[in-house]
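Q: Take a look at the letters that make up each chain.
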Amino acid sequence: MKMKNFQLDQDLLWPADALEPEQLSENVQNRHYGKKQLSPGAKLLFWALRVYALFMLGLVTYQAWANLH
Amino acid sequence: MAVNHFPKEINIEDRKRAIDRKKVQVIKSSQRKNKSLLLFWLLIGPGVLVMLGENDAPSMLSYAATGSTFGIGFFIPFVLLTFFMAYIVQEMTLRIGAATHQGHAQLIFDRFGAFWGWFAIGDLLLGNFLTLVTEFIGVRAGLGFFNISAVFSVILALGLVIGVSLTQRYWTWERITLGLAVFNLVFVPVAFMTHPNFAQTAHALVFWNPLPGGFSQQVLFLMMADIGATVTPWMLYFHQSAVVDKGLTTEDIPAGRRDIAVGAILAAIGGIAAIIATAPLFARHISAQNFAAAQFAQALEPIIGHWGSALFALGIFEAGLVAIITISSSSGYAFGEITAKPHSLNQPVKEAWPFYAIIFASAILAAIIVLTPNAPLEYIALIVNVIATLAMPPALLFVLLLANDREIMKRSYNSVITNIIAIAIVVFISLTGIVYGIVTVFPHLKL
Chain U
6 MKMKNFQLDQ DLLWPADALE PEQLSENVQN RHYGKKQLSP GAKLLFWALR VYALFMLGLV
66 TYQAWANLH
Chain B
4 MAVNHFPKEI NIEDRKRAID RKKVQVIKSS QRKNKSLLLF WLLIGPGVLV MLGENDAPSM
64 LSYAATGSTF GIGFFIPFVL LTFFMAYIVQ EMTLRIGAAT HQGHAQLIFD RFGAFWGWFA
124 IGDLLLGNFL TLVTEFIGVR AGLGFFNISA VFSVILALGL VIGVSLTQRY WTWERITLGL
184 AVFNLVFVPV AFMTHPNFAQ TAHALVFWNP LPGGFSQQVL FLMMADIGAT VTPWMLYFHQ
244 SAVVDKGLTT EDIPAGRRDI AVGAILAAIG GIAAIIATAP LFARHISAQN FAAAQFAQAL
304 EPIIGHWGSA LFALGIFEAG LVAIITISSS SGYAFGEITA KPHSLNQPVK EAWPFYAIIF
364 ASAILAAIIV LTPNAPLEYI ALIVNVIATL AMPPALLFVL LLANDREIMK RSYNSVITNI
424 IAIAIVVFIS LTGIVYGIVT VFPHLKL
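Residue numbers (the working numbering), protein chains in the order written: chain U, 6 to 74; chain B, 4 to 450.
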C-alpha cells in the first residue's frame, strides 16, 4: 500500500513506536504466565475428554483396519 | 510473571511487524474518506485464511460426498450451523491471541503444564500430518483431471508452498495465500452450471429437510465429516499464531471479528456450492459414496460439461494447496512456541531455520506418503475429518479455559453468552462422536 509523504522504513526508527512492549519478540519469548491451578472439576473434565478422544481414535483406527482387510 | 522491557537491539521480526502496525496507526489517525475500507484491507487475513484454509481438499470431498449421497436437504443448513460454531471458536482464539500476544501451544504449556501440553501437541501433529497427506491427494487428483502426472503435481505444490514461505515476510505470505484462497469460490459457478432448484434450496435452508433414508450411520459419518470440515484443532493453533505474527492487539478485536465473519461466509458459500454442485449425482442415482476428487469431476462432466468439471478439479487443487500452506505453518508455529525457538514468518530463514524446517519437512513427508504406491489414500481422505472432530472436544476445553482466564485475558475474557454457546458446541461435538462410537460398536442398532 502506497502512502504519500510517509516513508515507513525510514521514519520508523524504533519498533516500540508502533508495537506494544508485550508484542516485542524478545518479551514474547521470555514471558511465562506460569502454571494455572486446575480445579478438581477441570481435571476430571480433562481426563474424561482425553479418555474419550483416545477411545474414539482407537475405534476409528479399528474400523479403518477392518475396512481395509 | 511478565518481563516487558525494550530490547537493546532492533530485531528484524519486530521491525517488519512494526512497519505493518504503523500503516494501521497512520490510517486510523487519518481523515481519509476510504479509511474503513483501507483498515479492512490492512487487518483482514488470519480469519479469512483459517476459514478458507479449512475448506480444504478432504472438506470439499466431504461436501461433495454429502451432496451426491443426500442431495439438497438437511446438510445445507447443517453446514451453516457448523460455520456458526467455527465463528464462535475462532473468535475466542482471536481474543486470546490479541490479549496475550502468545501462540496457542505456548499458552497451553505455560498454563496447563507439559503433561497436558504434549497431549494437545500430539493431537495437533497427528491431525496435521494426516490432513497434509489428504491435501496432497487433493492436489494430485485435481491436476490429474488435466492429465498432469502425480509426481509433477506434488512437486509443483511443494514448490509453491516453499516459495510462499521463503518470502520471509508475514504480510507478503498472507496476501499471496489470500489471493490463492479466493479461488475456493470456483465451486459457485460450478453449482450454477448444474441449474439448481432455488426454491428447493431455500426450502432446505428453512426446514432442514429432506433427509432421504432417515437418520443412519452414514448420516452420522457425514455429519462428523462436515463438522470436521469446519472446526479442527489446527485452526486454533494457526489462527492464534497468525494473529500474533500479524501483530493484532485488543484494539483490533472488532476488525478481527469481521475478518472471521467474512471468512466464515465465504467458506460456507464454497461448501454449500460443492453440495449443490454434486447433488445432481444423487438425483441421477449415481453412487458416488467412495469417489475420490477427480472422480467427482469426471462424474459431473456429462452434467456440467468439460469446463464445469475442469473448474471443479481446479477447485480441489486450490483447496489442497492453500491448506498445505496454512496447516504446515501451524505445525511450524507450534514447534517454535514449545521449543522457544524463533517462530515468525517475518524472520529470515537463517535466524529461524527450525521453524521453516518443520514447515517444509511436514509438507515433504506428506508428499512422499502420497507418492508411495498402495498407500490407503482414499480411506485416509474420508476418515481425516472424523478424526479431527474426535480431537476437537479436548482442544475446545483448552480454548474455553484460556478464554476465561482473567489473569492472561485481562478485559477480553469470555462473556456469559459466549461461554453458554461454547459449552453447547463442546457437548454437541462430543455427543455426535459418542453416538458415532455406539453405532460403530453396535452396527445393527436402529437410530
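Honestly, the hints are just simulated from the structure, not real lab data.
Cβ coordinates follow ideal geometry from the N, Cα and C atoms, glycine included.
Among the hints, a few may not be true.
Said to hold, decoys possible - Distance condition first, Cα-Cα at most 16 Å in a straight line; then the derived EDC-like pairs of lysine to aspartate or glutamate:
#: 1; chain 1: B; residue 1: 26; chain 2: B; residue 2: 354
#: 2; chain 1: B; residue 1: 413; chain 2: B; residue 2: 254
#: 3; chain 1: U; residue 1: 41; chain 2: B; residue 2: 408
#: 4; chain 1: U; residue 1: 40; chain 2: B; residue 2: 254
#: 5; chain 1: B; residue 1: 25; chain 2: U; residue 2: 31
#: 6; chain 1: B; residue 1: 26; chain 2: U; residue 2: 31
#: 7; chain 1: B; residue 1: 25; chain 2: U; residue 2: 25
#: 8; chain 1: B; residue 1: 31; chain 2: U; residue 2: 31
#: 9; chain 1: B; residue 1: 344; chain 2: U; residue 2: 31
#: 10; chain 1: B; residue 1: 25; chain 2: B; residue 2: 354
#: 11; chain 1: B; residue 1: 26; chain 2: U; residue 2: 25
#: 12; chain 1: B; residue 1: 31; chain 2: B; residue 2: 354
#: 13; chain 1: B; residue 1: 344; chain 2: B; residue 2: 354
#: 14; chain 1: B; residue 1: 413; chain 2: U; residue 2: 22
#: 15; chain 1: U; residue 1: 41; chain 2: B; residue 2: 410
#: 16; chain 1: U; residue 1: 40; chain 2: B; residue 2: 408
Stated by the list, open to error - Pairwise CB distance ranges (calculated):
#: 17; chain 1: B; residue 1: 372; chain 2: U; residue 2: 52; range: 48 to 54 Å
#: 18; chain 1: U; residue 1: 52; chain 2: B; residue 2: 36; range: 26 to 32 Å
#: 19; chain 1: B; residue 1: 431; chain 2: U; residue 2: 59; range: 19 to 25 Å
#: 20; chain 1: B; residue 1: 423; chain 2: U; residue 2: 22; range: 14 to 20 Å
#: 21; chain 1: U; residue 1: 42; chain 2: B; residue 2: 378; range: 29 to 35 Å
#: 22; chain 1: U; residue 1: 59; chain 2: B; residue 2: 198; range: 44 to 50 Å
#: 23; chain 1: U; residue 1: 37; chain 2: B; residue 2: 38; range: 51 to 57 Å
#: 24; chain 1: U; residue 1: 22; chain 2: B; residue 2: 43; range: 41 to 47 Å
#: 25; chain 1: U; residue 1: 39; chain 2: B; residue 2: 423; range: 40 to 46 Å
#: 26; chain 1: U; residue 1: 62; chain 2: B; residue 2: 343; range: 27 to 33 Å
#: 27; chain 1: B; residue 1: 301; chain 2: U; residue 2: 41; range: 52 to 58 Å
#: 28; chain 1: B; residue 1: 162; chain 2: U; residue 2: 21; range: 26 to 32 Å
#: 29; chain 1: B; residue 1: 166; chain 2: U; residue 2: 37; range: 34 to 40 Å
Q: Against this structure, judge whether each hint is valid.
A: Outcome of the hint check:
1. Pair hint residue 26/B plus residue 354/B does not hold up; C-alpha atoms about 25 Å apart against a cutoff of 16 Å.
2. Simply put, residue 413/B and residue 254/B have alpha-carbon atoms about 13 Å apart, close enough for the 16 Å limit, and the pair holds.
3. Proposed proximity of residue 41/U and residue 408/B is supported: the alpha carbons are some 9 Å apart, at most 16 Å.
4. Annotation: proposed proximity of residue 40/U to residue 254/B is violated, straight-line Cα distance about 27 Å (limit 16 Å).
5. In summary, the hint linking residue 25/B to residue 31/U is not supported, as the alpha carbons are separated by about 19 Å, beyond the 16 Å threshold.
6. A distance of roughly 22 Å separates the Cα atoms of residue 26/B and residue 31/U; the hinted pair therefore is violated under the 16 Å criterion.
7. For the proposed pair residue 25/B and residue 25/U, the alpha carbon gap of about 12 Å is at most 16 Å, so the pair holds.
8. About 27 Å separates the Cα atoms of residue 31/B and residue 31/U, which puts this hinted pair outside 16 Å; it is violated.
9. Among the hinted pairs, residue 344/B with residue 31/U is consistent with the structure: their alpha-carbon atoms are about 11 Å apart, no more than 16 Å.
10. A hinted pair counts as satisfied when its Cα atoms are at most 16 Å apart, and residue 25/B with residue 354/B does not qualify at roughly 24 Å.
11. For a cut-off of 16 Å, the pair hint linking residue 26/B to residue 25/U stands: about 15 Å separates their Cα positions.
12. Restraint check for residue 31/B and residue 354/B: not satisfied, since their Cα atoms lie roughly 33 Å apart, outside the 16 Å limit.
13. Between residue 344/B and residue 354/B the CA atoms are separated by roughly 9 Å; this keeps the pair inside 16 Å, and the hint holds.
14. Restraint check for residue 413/B and residue 22/U: not satisfied, since their Cα atoms lie roughly 23 Å apart, outside the 16 Å limit.
15. With a CA separation close to 10 Å, the supplied pair residue 41/U and residue 410/B stays within the 16 Å bound.
16. For a cut-off of 16 Å, the pair hint linking residue 40/U to residue 408/B stands: about 12 Å separates their Cα positions.
17. The given range of 48 to 54 Å is broken by residue 372/B and residue 52/U, whose C-beta atoms sit roughly 33 Å from each other.
18. Take residue 52/U and residue 36/B: their Cβ atoms lie about 57 Å apart, and the range 26 to 32 Å is violated.
19. With their beta carbons about 20 Å apart, residue 431/B and residue 59/U fall inside the hinted range of 19 to 25 Å.
20. Hint check: residue 423/B to residue 22/U, Cβ distance near 41 Å, so the stated range 14 to 20 Å is violated.
21. A hinted range of 29 to 35 Å is violated for the C-beta pair residue 42/U and residue 378/B, which are about 46 Å apart.
22. Between residue 59/U and residue 198/B the beta carbon distance is about 47 Å. The supplied range of 44 to 50 Å therefore holds.
23. For residue 37/U and residue 38/B, the Cβ-Cβ distance of about 39 Å falls outside the hinted range of 51 to 57 Å, so the restraint is violated.
24. About 24 Å separates the C-beta atoms of residue 22/U and residue 43/B, a value inconsistent with the hinted range of 41 to 47 Å.
25. Checked against the hint of 40 to 46 Å, the pair residue 39/U and residue 423/B fails, with Cβ atoms roughly 29 Å apart.
26. For the pair residue 62/U and residue 343/B, the beta carbons lie near 29 Å from each other, so the given range of 27 to 33 Å is met.
27. One distance hint, 52 to 58 Å for the beta-carbon pair residue 301/B and residue 41/U, holds here, with the actual separation near 53 Å.
28. Judged by the Cβ atoms, the range 26 to 32 Å given for residue 162/B and residue 21/U is violated: they are separated by roughly 38 Å.
29. The given range of 34 to 40 Å is respected by residue 166/B and residue 37/U, whose C-beta atoms sit roughly 35 Å from each other.
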